[in-house]
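Student: We have chain A; now place chain B onto it with these hints.
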Amino acid sequence: MISTIKHIWKIANIHRGMRFSILILLVWILTAVAAPILESYFGLAFDGLRPENGLLPPFTTEDGAFYLLGTDYLGRDLLAGMIHGARVAFVVAMVSMIISLVVGLSVGLVIGYYGDSGFKKNIVQQIVIGLAFLVGAYYLISMISDGFTIYSIFPFLGVLGICILIDRLLEMLPIKKYGVPLDIIMQRLFELREGLPGLFIILSLAAIFSSQSIYTVSIIIAVLYWMTIARHARAETLHVKGEDYIMSAKSGGVSDFRLLFYHILPNAMPSIFVIIAFSFGGVILLESSLSFLGIGMPVEEVSWGKILAGARKTPKAWWLAVFPGMAIFLVLYAFNNLADYFGQYQRRADQIDKR
Amino acid sequence: MLRYIVKRILLFIPTLFLVSCLAFYLKNSVPSDSVETLLTLQGIDESKEDFLEIYEAKFDELGMNLPTFYFSIQSNYQAWIHNFEGNIHEKRFAAELSKSKCDSEDIQRLISIISKLEAIEKRNLYLCQNPSEILDRLDVPQLASLDLQTKTEIKSIAMEMEESKVRWHYPVFTLHGIDNQYHRWASGFVKGDYGVSLIDAQPVFSKVWNSMKWTLMLVVISLFFAGIISLILGVYNGVNQGSRFDRWSNGVLFIFYSIPKFWLATLMIIFFTTAEYGAWTDIFPIVGFWPKMTGLFEMMYDSWDKLILPVLVIVLPDVAYLSRLIRASIIEENNKDYIKTARSKGIPKRRILLQHLIPNSMIPTITLFAGVIPGALGSSLIIEVIFNIPGVGRLMYDSIKSADWAIVIPIIMIVSIFTVVIFLLADILIAWINPKIKLG
Numbered sequence: 001m002i003s004t005i006k007h008i009w010k011i012a013n014i015h016r017g018m019r020f021s022i023l024i025l026l027v028w029i030l031t032a033v034a035a036p037i038l039e040s041y042f043g044l045a046f047d048g049l050r051p052e053n054g055l056l057p058p059f060t061t062e063d064g065a066f067y068l069l070g071t072d073y074l075g076r077d078l079l080a081g082m083i084h085g086a087r088v089a090f091v092v093a094m095v096s097m098i099i100s101l102v103v104g105l106s107v108g109l110v111i112g113y114y115g116d117s118g119f120k121k122n123i124v125q126q127i128v129i130g131l132a133f134l135v136g137a138y139y140l141i142s143m144i145s146d147g148f149t150i151y152s153i154f155p156f157l158g159v160l161g162i163c164i165l166i167d168r169l170l171e172m173l174p175i176k177k178y179g180v181p182l183d184i185i186m187q188r189l190f191e192l193r194e195g196l197p198g199l200f201i202i203l204s205l206a207a208i209f210s211s212q213s214i215y216t217v218s219i220i221i222a223v224l225y226w227m228t229i230a231r232h233a234r235a236e237t238l239h240v241k242g243e244d245y246i247m248s249a250k251s252g253g254v255s256d257f258r259l260l261f262y263h264i265l266p267n268a269m270p271s272i273f274v275i276i277a278f279s280f281g282g283v284i285l286l287e288s289s290l291s292f293l294g295i296g297m298p299v300e301e302v303s304w305g306k307i308l309a310g311a312r313k314t315p316k317a318w319w320l321a322v323f324p325g326m327a328i329f330l331v332l333y334a335f336n337n338l339a340d341y342f343g344q345y346q347r348r349a350d351q352i353d354k355r
Numbered sequence: 356m357l358r359y360i361v362k363r364i365l366l367f368i369p370t371l372f373l374v375s376c377l378a379f380y381l382k383n384s385v386p387s388d389s390v391e392t393l394l395t396l397q398g399i400d401e402s403k404e405d406f407l408e409i410y411e412a413k414f415d416e417l418g419m420n421l422p423t424f425y426f427s428i429q430s431n432y433q434a435w436i437h438n439f440e441g442n443i444h445e446k447r448f449a450a451e452l453s454k455s456k457c458d459s460e461d462i463q464r465l466i467s468i469i470s471k472l473e474a475i476e477k478r479n480l481y482l483c484q485n486p487s488e489i490l491d492r493l494d495v496p497q498l499a500s501l502d503l504q505t506k507t508e509i510k511s512i513a514m515e516m517e518e519s520k521v522r523w524h525y526p527v528f529t530l531h532g533i534d535n536q537y538h539r540w541a542s543g544f545v546k547g548d549y550g551v552s553l554i555d556a557q558p559v560f561s562k563v564w565n566s567m568k569w570t571l572m573l574v575v576i577s578l579f580f581a582g583i584i585s586l587i588l589g590v591y592n593g594v595n596q597g598s599r600f601d602r603w604s605n606g607v608l609f610i611f612y613s614i615p616k617f618w619l620a621t622l623m624i625i626f627f628t629t630a631e632y633g634a635w636t637d638i639f640p641i642v643g644f645w646p647k648m649t650g651l652f653e654m655m656y657d658s659w660d661k662l663i664l665p666v667l668v669i670v671l672p673d674v675a676y677l678s679r680l681i682r683a684s685i686i687e688e689n690n691k692d693y694i695k696t697a698r699s700k701g702i703p704k705r706r707i708l709l710q711h712l713i714p715n716s717m718i719p720t721i722t723l724f725a726g727v728i729p730g731a732l733g734s735s736l737i738i739e740v741i742f743n744i745p746g747v748g749r750l751m752y753d754s755i756k757s758a759d760w761a762i763v764i765p766i767i768m769i770v771s772i773f774t775v776v777i778f779l780l781a782d783i784l785i786a787w788i789n790p791k792i793k794l795g
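Chains as they are written, first to last, in my numbering: chain A, 1 to 355; chain B, 356 to 795.
Label-pair ranges, simulated between beta-carbon atoms:
(1) K250/A to N595/B: 46 to 52 Å
(2) P36/A to Y359/B: 54 to 60 Å
(3) L26/A to V776/B: 43 to 49 Å
(4) P558/B to Q212/A: 29 to 35 Å
To list a few chain B residues with every Cβ distance to chain A over 12 Å, as calculated:
(5) I587
(6) G650
(7) A697
(8) L784
Distance condition first, Cα-Cα at most 27 Å in a straight line; then the derived BS3-like pairs of lysine-lysine:
(9) K616/B to K313/A
(10) K510/B to K454/B
(11) K756/B to K313/A
(12) K616/B to K316/A
Rather than coming from a laboratory, the hints here were simulated on the basis of the structure.
Every residue gets a Cβ at the ideal spot worked out from N, C-alpha and C, and that includes glycine.
Isolated chain A (complex conformation) (with noise of 0.2 Å):
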């Protein structure tokens, strides 16, 4: 454990300001962890409203309380305020990701396996799975939006299993196989998206929820985000799967699902480094940029954006304007870095495979 954190550290000081951005990341990301600790810490709770207390400069003490960065117009210490963002950017950006993650490397990797003609299947099979696909979108829909009861998770369950099975049973039928056209019918769907801007998308999209909770929000930007790493999961696949031992392993009889996830996932995974930093700094932003619009974000929670927002309306108190954006600033700076120090890592390895 000692001796890979050593490791990471030595490599990080070949890329510029990598310790530096190292450094940001713990920082906010224990801060996000241990938020309930350090807020109860100050008994500074961002709620505590004292408007007899409104805008105070950083570094006061006033009624015995010390207000490291200022007060809000209401005297809401800004320290807590920060704090709780912390928690809010690292809960939503670690909900989204790991949401368009799972979704996004499991849809590229199989598209990019697949292509248009190596998922084959029966005329049967795949009005089955047509149907499937619109029974459990109706059921995965009625989750999002209706929460996450049994009456939605079970019967989402039940179409998938259901649907495996038949498949399985129809796979017998003595009929010709077509190739299904995963990979056209994904491209359309990347081009929609692509036609859209996002934060068009997601003003839209936030208007449908009835109740907003920083996990909506969550998955609102999962719903964009997914299809970005799709997008490049599949690119990398398409370039690892031609490598010479995919085709071994292939023909040594390995299946589809192991090929997938223990041969080519691997493999690819160095470069998907690079959008998975990208895409936590995008994910962040837009995250800050909600709340600075205050779509999506529900009315009680604080966020880095919001309180930036608030500061439009006091030009004299520049601490509620400096700090909240240092810290989405800071974030983003250490998480581009982080990517751009992947990015040159991987153009590295591929110059000594070149040679």
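Tutor: Positioned in the frame of chain A, the structure of chain B alone reads:
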């Protein structure tokens, strides 16, 4: 070439169809009442005697009583709504309750009880969106006049609904035929009839076009500057790779690359438009009032000082992004053999740069530049909201907040057409510059 363009244009059609379907789906799922907003703006509100009739007439006139799409997939608790007879409030009440999966018979029983009540009691109860809200609302003072028997009856039905609210459900497919809102709107859209805004009854086309001018102006000006500055910086840094200026500007640009645009905008507004931090910081005029759009150049002449800040906010991060990429592609091209050959043949540096290096390294750059334009449209939304510019993003933001979908859907369509066309243009341009690339 022509075949390729025709093929790409034909591929637009399914994409646009899907975009419009998506927009209609969104419209359908958003709980909002634009008719009421419209009538309130016309000075007609619920205190009027014949409010319900006017409301229903307007509702029918706008075609909102029709089904949304050619077919619908709903839960089995919602499917019966299409055959439900009743006035507009009853319909909406039934739709809301069935959305939270209440039994259709219970709902009909409840409606038959409520419809016999006084107007004020009716209104209060029909506003409820789920059974628990009904239970809460029964104790409201406006409903004090209810007699005990009806109250207990309503209460018992609502309790029953509340208990059996969440349960197994399955999708039901209903076919609606051609007479639906989407068909009406789409046939109008194809014929060039874009409808009127629900909020101020202005034609959608002129409203969107007027705001489009602003956005286009902003995007064109800022992309012009971003393109020129990043080209100069990128080429200069790429050719002089490793120089002191290169290292420093690279570090600074990476910082600008990570700065969120809305933070930059907020900082600029706070520090440069007010005299809070000394008189010298009050450099730019306060953003807020914009004169009417007359023409592009008149506009730029009239309020160039107000445009500086928004343009700067868009340009700085874009320059950071583009110049880094241009630099990288210049460096890559610079190390290739043909450049080395040209150099060893003694061709002047300037000629190598202008005739070989820049044209060849532009190929990846054009694709990236094309990617920046839709991004600029998207980020113009947040810039327009901050600087109060009456552009498309601002219009979209306001229209969604006031549920004016007659405006929102065309904007989504136009923006997506715009984006797709720009990507096509970029592909054609690349094929034109580099004959090695074959389209098709």
